[in-house]
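Please take these sequences and the hints and turn them into a complete structure.
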Amino acid sequence: MLKFVKHLARTLKNSIRDLLPIFAVIAFFQLAVLQQPIPNLPDLVIGFMLVVIGLTLFIYGLETGLFPIGENMARDFASKGSLPWLLAFAFALGFGTTVAEPALIAVADEAAQVAATGGMIEDNESSRTEYASGLRLTVALSVGFAILLGVIRIIKGWPVQYLIIGGYIGVVIMTYFAPDEIIGIAYDSGGVTTSTITVPLVTALGVGLASNIKGRNPVIDGFGLIAFASLSPMIFVMGFGIIVT
Amino acid sequence: MTALMNFIDTLVLTIRDVLPILAILIGFQLFVLRRKIPNLKPVAIGFVFVLFGLTFFLLGLEKALFPLGKLMAEQLTNPDFLGLPDPTVKGHWLDYSWVYLFAFAIGFSTTIAEPSLLAVAIKAQQVSGGAIAATGLRIAVALGVAIGISIGTYRIVSGTPLTYYIIAGYIVVIIQTFYAPKIITALAYDSGGVTTSTVTVPLVAALGLGLSTQVPGSNPLLDGFGLIAFASLFPIMAVLGYAQIGEWRNRRQNKSQPQGER
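Chains as they are written, first to last, in my numbering: chain A, 1 to 245; chain B, 1 to 262.
None of these hints come from the bench; they were simulated from the model. Being a predicted model, the structure only gives us computed values, none of them experimental. A virtual CB, placed ideally from N, CA and C, is assigned to each residue, including glycine. Take these hints with a grain of salt, some might be off.
As the list claims (entries may be wrong) - If you anchor each label on the Cβ, the simulated ranges turn out as follows:
{"id": "1", "chain 1": "A", "residue 1": "Tyr176", "chain 2": "B", "residue 2": "Ile45", "range": "23 to 29 angstroms"}
{"id": "2", "chain 1": "B", "residue 1": "Ala131", "chain 2": "A", "residue 2": "Lys3", "range": "38 to 44 angstroms"}
{"id": "3", "chain 1": "A", "residue 1": "Gly215", "chain 2": "B", "residue 2": "Asp95", "range": "54 to 60 angstroms"}
{"id": "4", "chain 1": "A", "residue 1": "Asp123", "chain 2": "B", "residue 2": "Leu40", "range": "50 to 56 angstroms"}
{"id": "5", "chain 1": "A", "residue 1": "Arg17", "chain 2": "B", "residue 2": "Arg252", "range": "30 to 36 angstroms"}
As the list claims (entries may be wrong) - With a straight-line cut-off of 30 angstroms between C-alpha atoms, the simulated BS3-like cross-links for lysine-lysine are:
{"id": "6", "chain 1": "B", "residue 1": "Lys182", "chain 2": "A", "residue 2": "Lys156"}
{"id": "7", "chain 1": "B", "residue 1": "Lys36", "chain 2": "A", "residue 2": "Lys80"}
{"id": "8", "chain 1": "A", "residue 1": "Lys13", "chain 2": "B", "residue 2": "Lys70"}
{"id": "9", "chain 1": "B", "residue 1": "Lys41", "chain 2": "A", "residue 2": "Lys80"}
{"id": "10", "chain 1": "A", "residue 1": "Lys3", "chain 2": "B", "residue 2": "Lys36"}
{"id": "11", "chain 1": "A", "residue 1": "Lys214", "chain 2": "B", "residue 2": "Lys36"}
{"id": "12", "chain 1": "B", "residue 1": "Lys41", "chain 2": "A", "residue 2": "Lys6"}
{"id": "13", "chain 1": "A", "residue 1": "Lys214", "chain 2": "A", "residue 2": "Lys156"}
{"id": "14", "chain 1": "B", "residue 1": "Lys182", "chain 2": "A", "residue 2": "Lys214"}
{"id": "15", "chain 1": "B", "residue 1": "Lys41", "chain 2": "A", "residue 2": "Lys3"}
What follows is the structure, given as structure tokens:
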């Protein structure tokens, strides 16, 4: 019990330290630059406390829950030695966590708006919804594929930079052919796919696999899954843009 | 009462986001791996902590940070505040200096508070046996995001094409990759993806949208996007650079030490 309290107290202290810069920036710009009083100070204080408590609980749960689950599953998959199931798991994790991602839903809706205004699709409710869900499905498929490819890379021990550079070349080529309206959205979609719960799980999976496969270095080979997951949507979304027009 | 309702709403939303993940984890654990999770109780408690933690975190952000941050992004990009005489004529790019500074500050501070970056940094420090320090990594990433978003706002002001910046960025990353220590490469690429998450995206998106609405000749639907892309590209350079500087300093120390002893 005492250990639990001590751990929590240390996490709490770190959370406060991590959140101070944000509030310093807000206060400085509001008071010194815009020279306006801070509106609704009590709300701000309560909000700050909630954020601190939330980050503390999250980090604590991360270390006792999310990381161990990811590592355990990686170890079990490595010792079971069934490649097809591991790849199915990798794809499911990437697809399942992305398709319901709120940030992605928001971006897809905005993108449908842009497409409708730009005359790429008809400007009515049903064609916008169709466009938005098509885009979401595209991104989710691409993330599933990315995690799958990333897991193969860890198993084979391919150097990460060749795949990434290949991906960059893919992005540049697609940019050349894709309609202008989709490019900004495609570039942004890479950043929004990886949510706060997916990242720790996927990281633990990669590092866990690399630690349990002989000849792999957990730092050099274990990381990189997130990078694939943020690169492949860019290519897929531009592909989606080309097909739709 | 409304506070409680808000809490429950956010909790339900968080649970809905987590459900597919949980279903996949449990499904594979039960039907494919067919093994019990060791220490099931603390793991389950940890999961509940994550759920409640995220709920409180999002609730606090919605209550305090986002409304004020979005309002500030609007006010800072306003021609009246920037002292532009005619709002229909674009000012000199230096007239927007406060915007660049705000972009830098908000990019840095939101990245330091980003939970997913924290998770990756903790893991990196663990598996590298402390060779990669969590704090150093996070500061490097945050500086990358700060510089990236500042340049991104300059791009919106100047109206130059996004593609040129991204391609130039890729070229720099590729060159750096050849010279940076191998141990950092994968981690550096990863840090591009984790920076833009819960805290950063809403504020940065508001800044991009506000700025492209106010700058004459700029189309919010086209130019409002792209800031996130900057925030994912520049941390890669920053982390590779951080490792390069570290290696360079080690080499210099090793060189000067034997001479110092003589």
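Fill in: Holds or violated: A:Lys214 to A:Lys156, with C-alpha atoms at most 30 angstroms apart
holds (11 angstroms)
Worksheet item: Within a Cα-Cα threshold of 30 angstroms, do B:Lys41 and A:Lys80 meet the stated pairing?
Response: holds (24 angstroms)
Worksheet entry | Range hint compliance [Cβ, A:Asp123 to B:Leu40, 50 to 56 angstroms] | 52 angstroms Cβ-Cβ, so the 50 to 56 angstroms window holds.
Worksheet item: Does 54 to 60 angstroms hold as the CB distance between A:Gly215 and B:Asp95, or does it fail?
Response: holds (57 angstroms)
Discussion item. So if I understand the rule, the pair passes when the alpha-carbon distance is 30 angstroms or less; does A:Lys3 with B:Lys36 pass?
Written reply: Holds - the C-alpha atoms of B:Lys36 and A:Lys3 are around 26 angstroms apart, at most 30 angstroms.
Practice prompt. Would you mind confirming whether the straight-line C-alpha gap from B:Lys182 to A:Lys156 stays at or under 30 angstroms?
Written response: holds (17 angstroms)
Worksheet item: Is the hinted pair B:Lys41 and A:Lys3 satisfied, with a Cα-Cα distance of at most 30 angstroms?
Response: holds (17 angstroms)
Worksheet item: Given the hint that B:Lys41 pairs with A:Lys6, does the C-alpha gap stay at or below 30 angstroms?
Response: Holds, at roughly 20 angstroms.
Worksheet entry | Hinted pair A:Lys13 and B:Lys70, Cα distance within 30 angstroms | Roughly 28 angstroms between the alpha carbons, so the hint for A:Lys13 and B:Lys70 holds.
Worksheet item: If you draw a straight line from the CA of A:Lys214 to the CA of B:Lys36, is it 30 angstroms or shorter?
Response: holds (24 angstroms)
Discussion item. Tell me if the beta carbons of A:Arg17 and B:Arg252 are separated by a distance inside 30 to 36 angstroms.
Written reply: holds (31 angstroms)
Item to complete: For the pair supplied as a hint, B:Lys36 and A:Lys80, confirm whether the alpha-carbon distance does not exceed 30 angstroms.
Response: Holds: B:Lys36 and A:Lys80 sit about 14 angstroms apart, inside 30 angstroms.
Consistency note: the structure conflicts with the earlier hints numbered 1, 2.
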